[in-house]
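J.: With chain S fixed as given, assemble chain D onto it according to the hints.
There are 2 protein chains.
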Amino acid sequence: MSDSTYLQLRSLVTAAGELQLSLKQAPIPEPAADEVLIRIEAAPINPSDLALLLGPADLSTARVGGTAENPTLTATVPPKGMSAIGGRADQSMVVGNEGAGVVVKAGANAQALLGKTVAALGGGMFSQYRVMKAAACLPLPAGTSPAEGASCFVNPLTALSMVENMRRENHTGLVHTAAASNLGQMLNKICLKDGVPLVNIVRSAEQASTLRNIGAKYVCDSTSANFITELTDAIAATGATLAFDAIGGGKLANQILICMEAAINRKATSYSRYGSAVHKQVYSYGVLDTRPIEIDRSNVGMAWSVSGWLLTYFLEKIGPQATQKLRERIVAELKTTFASHYTAEISLAEALRPETIQAYNRRATGEKYLINPNKA
Amino acid sequence: MSDSTYLQLRSLVTAAGELQLSLKQAPIPEPAADEVLIRIEAAPINPSDLALLLGPADLSTARVGGTAENPTLTATVPPKGMSAIGGRADQSMVVGNEGAGVVVKAGANAQALLGKTVAALGGGMFSQYRVMKAAACLPLPAGTSPAEGASCFVNPLTALSMVENMRRENHTGLVHTAAASNLGQMLNKICLKDGVPLVNIVRSAEQASTLRNIGAKYVCDSTSANFITELTDAIAATGATLAFDAIGGGKLANQILICMEAAINRKATSYSRYGSAVHKQVYSYGVLDTRPIEIDRSNVGMAWSVSGWLLTYFLEKIGPQATQKLRERIVAELKTTFASHYTAEISLAEALRPETIQAYNRRATGEKYLINPNKA
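These protein sequence lines map, in sequence, to chains S and D.
The numbers in the working numbering rise by one with no breaks, and the one at position 256 of the first sequence is 256.
The numbers in the working numbering rise by one with no breaks, and the one at position 330 of the second sequence is 330.
Take the hints with a grain of salt, since some may be wrong.
Which copy? The list can't say, so a pair holds if one copy fits it or any two copies do.
[Said to hold, decoys possible] Taking lysine-lysine pairs in the DSBU-like style, the calculated list, with each CA pair at most 35 Å apart, reads:
1. K80 - K133
2. K335 - K317
3. K193 - K317
4. K133 - K267
5. K335 - K267
6. K251 - K317
7. K251 - K80
8. K375 - K267
9. K375 - K217
10. K335 - K80
None of these hints come from the bench; they were simulated from the model.
For reference, chain S alone in the conformation it holds in the complex (with noise of 0.2 Å):
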């Protein structure tokens, strides 16, 4: 790489049914006028990058290709998943959805950033650098790195805007699955903070005990045998009858539902065949289990509502201004509530490099990788 060129990671899945993952090299984009050229040194990978990043493909089947400074990696896509990539065969894709770094040059009306330690996004940050504009950039307080604002906008503003649904579709009370993930741990610390009541369903009891020791009151371990009777007591405990589902194939989100309708219930004083009346919502807004959602409405009533649930169509419905307010709480509240921790920092060449996939591909809770383009 040259002084003038820049290496970008691109991700491709051709339409014979091969996944493509290469650096590009190109020019170093000038900012225009309302722009700035951010050197990008953190980016994290979050599930949903990991979801174009590998698209479907068996990566048992990875090839390793290229130079060691160059590498590219190859694996086949089985027809099955072919079918669900719809229209981004043959597009070579840009990947990363949220990142930090510096301004090493701005436009003539953009010139305030410039040295800003700034994060952003918006899509290809596993790039060494990124232009954006002015405007969509979060310039971070004096003394915060680019790794500790590199993870700004994805999980905080979904764990706030979960917080913030939660009013707006007047619910009291949260369940949230695969809680102890970071995300998870970020939704205690607000709840915690805004008096929310919150319940953690878990995987294992060492996850658990992660939750428990930052103050979380109501975990349930969906591998103790009394799971079912543990979720309805935490349920009826807090009142809870909004739940977001990172995991969503299964039963587990029919289980959220059967343990509000039967917390709903313990305070019914008559019977009605069709259930409770009051409106039991699970959002899903991750597919940890790619298997189908099964809901068996038997134990559930008919006030229910399964939902699939995405932080930029929730943003684009509260609108610029409530965004806003989402955004200045971060800031504020970046080295306490929206901390973010990470298991490795990787270069753009090791995230390219099978057994790295391996580990960042295996999303097990509580890990996240963050990539630096700029790593030495």
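T.: What follows is chain D alone, placed relative to chain S:
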């Protein structure tokens, strides 16, 4: 039965696991000042009545008892069924959501209704007499028989509410399943009259021609080898993004979402890994298929929702004024848009015969039974 007593159908599920149907004899009640006494002459057996009437009993175990004039029927409720009956154990329930008849006595403030034929909604209509608040009665136009007015509420209000719900949630077309039902035919008449594009999903060629004969334009037969393509085409032609699903079990709700998403993406100009941002909603209002609903999210994007839907909850949401408007339209179009057709008229005693139960419990599309509690 003497002149001062009457018969009322009762359904009881004992805690020990037995369904008991009987005709209870009770003194004819006196209406209060704002009430009327209706001699019920027609009450339809709707799917929603069957759920309460028969519960989860295993009807292959049905045993007849009592006398020819006052029969009883008992059947075993399997343990799995008992877990779903909730608070109704050992409670003798009245049955029959809606019906019509003649006002034979009226309280001081309800004299205007004396002698009138009225329809009413409120439970306990499988009964020779029923006291109702005068305000809750819907007086039928002169020349309307109780049989013509018996199904005034459940099906007509449901079909009208589907269209009203569509408008209020900013959809512009509808998908309906089990579409050749009485309700489905009504919905077709409303949509044809109001110019609302409607995609009808049926389960046989015979049902498809039933609907085409009443003017339905979009009819998709789920037993067709090309069902998915045909459904996608119909949804693309109508722009429907809202479905009311009477079936609810298995993959049909998912197929509808997949076809909606595919229809929307036919017009897409760029790829988004989150799918289209257009919200797709399936309301599950029936349980013709009691299996779990299966939602595979691979091809539906993130903007989707599958929810329970109950007429009562919808009417509460829109409020009494909007509900009254729907009722007025029903009365005005009772012999046209909202005409119901019945397979047979049966007495209360006949409603307890195993062979009759077998017939009306088939829930065959287009079949519907009418109880005349005062049938000679």
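J.: When no copy is named, should K335 and K267 be tagged within, between, both, or neither for a Cα gap of at most 35 Å?
T.: neither (42 Å within a copy, 44 Å between copies)
J.: Cα distance capped at 35 Å. Does K375 pair with K217 within a copy, between copies, both, or neither?
T.: For K375 and K217, neither the intra-copy (40 Å) nor the inter-copy (62 Å) Cα distance is at most 35 Å.
J.: Have a look at K375 and K267 and pick one of within, between, both or neither, based on CA distance no larger than 35 Å.
T.: neither (58 Å within a copy, 42 Å between copies)
J.: Please sort K80 with K133 into within, between, both or neither, judging by C-alpha distance up to 35 Å.
T.: neither (39 Å within a copy, 60 Å between copies)
J.: Please work out whether the CA atoms of K335 and K80 approach to 35 Å or closer within one copy, between two copies, in both situations, or in neither?
T.: Cα proximity of K335 and K80: none, with 43 Å in one copy and 52 Å across.
J.: When no copy is specified for K133 and K267, does a C-alpha distance of 35 Å or less occur within a copy, between copies, both, or neither?
T.: Classified as between; 29 Å across copies, 54 Å inside a copy.
J.: Can you tell me if K251 and K317 fall within 35 Å by alpha carbon in one copy, between copies, both or neither?
T.: Result: close both inside a copy and across copies, 29 Å intra and 30 Å inter.
J.: Go through the copies and call it for K251 and K80: within, between, both or neither, with a Cα cutoff of 35 Å.
T.: both (23 Å within a copy, 18 Å between copies)
J.: Between the shortest in-copy and the shortest cross-copy C-alpha distance, which are at most 35 Å for K193 and K317: within, between, both, or neither?
T.: Both: 25 Å inside a chain and 34 Å across chains, each within 35 Å.
J.: 35 Å Cα cut-off: does K335 pair with K317 within a copy, between copies, both or neither?
T.: within (28 Å within a copy, 44 Å between copies)
When held up to the earlier numbered hints, the structure conflicts with 1, 5, 8, 9, 10 and fits the remainder.
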